[in-house]
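Participant: The whole structure should be built from the sequences, with the hints applied where relevant.
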Amino acid sequence: MYQALKTFLAASALTLTAALPALAQETLVIGTEASYKPFAWVLPSGELTGFDIDITKALCAEMQVTCEISNQSYDGLIPALNAGKIDAIIASMFITADRLKAIDFAGPYYVTPGLFIGPKDSDLELTEEGLKKKYIGVQRGSTMADYVEQKLPDARVQYYDTFDAATLDLVSNRIDLVFADSVVVDEFLASPDGEAFAQVGTPVFDPLLGEGAGIGLRQGETELKQKFNDALAAIIASGQYAEINKKYMSSDISPK
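If you count by this note's numbering, then the sequence shown holds residues 1 to 256, one letter each, in order.
These aren't lab readings, by the way, just hints derived from the structure by calculation. Some hints here could point you the wrong way.
Stated by the list, open to error - No farther apart than 35 Å at their CA atoms in a straight line, the calculated lysine-lysine pairs in the DSBU-like style are these:
(1) 120 - 132
(2) 256 - 57
(3) 120 - 151
(4) 256 - 37
(5) 101 - 151
Facilitator: Written out as structure tokens, the structure is:
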């Protein structure tokens, strides 16, 4: 049913996952992009951690399946999903009309606005005229990139593979602003590298930014979509979602 889905006898997998069905267990390959703190990043040990990682583990435990998390480039996740190399995407990927043409989504599993950041002494106005010919850093393939392209056509958009790469250019004065998810921005502003920077303007809520972060699935995977939605509802009801939220975030980002 799922191209990257594997079935094993439970007797050969008891050491991997507890509380699985007696007869068989499923393994789902979940794609993520682990350079997006606090949602996903790589520890010095090589282990993945973060909000998205813990939510993935909680959902898989609730569904009673084993999950292998595959760290990939963000703009390669949808092609990998549709090629059957992964079964789902949990990578802070926001649900948009354009993406729904290519894939389906369960969720959303969190909702946050976009935020611009720049030097503390910045006097830039977040208008089409105010940002004309200004260099704005966005992550390649993100809804923030879509927003800047459509709302600020005269800005000089700079594309980066990761948020960290964008902020590196911001710190080095190579770009004027970075536009990203508010939670990721807050994490940067609280770091030593972010001391000289601040929020510019107000949080951005716009249909171009999507309906919140969803769990990307191949179109037609209705059974798997229902399993993820049921599992999400269960971890919210049990309080497990709130515990993970509190571990990584200073505000409630749960879907309302």
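Participant: Mind listing which of the numbered hints don't hold for this structure, in increasing order?
Facilitator: Going through the list in order, the structure violates no hint and respects every one.
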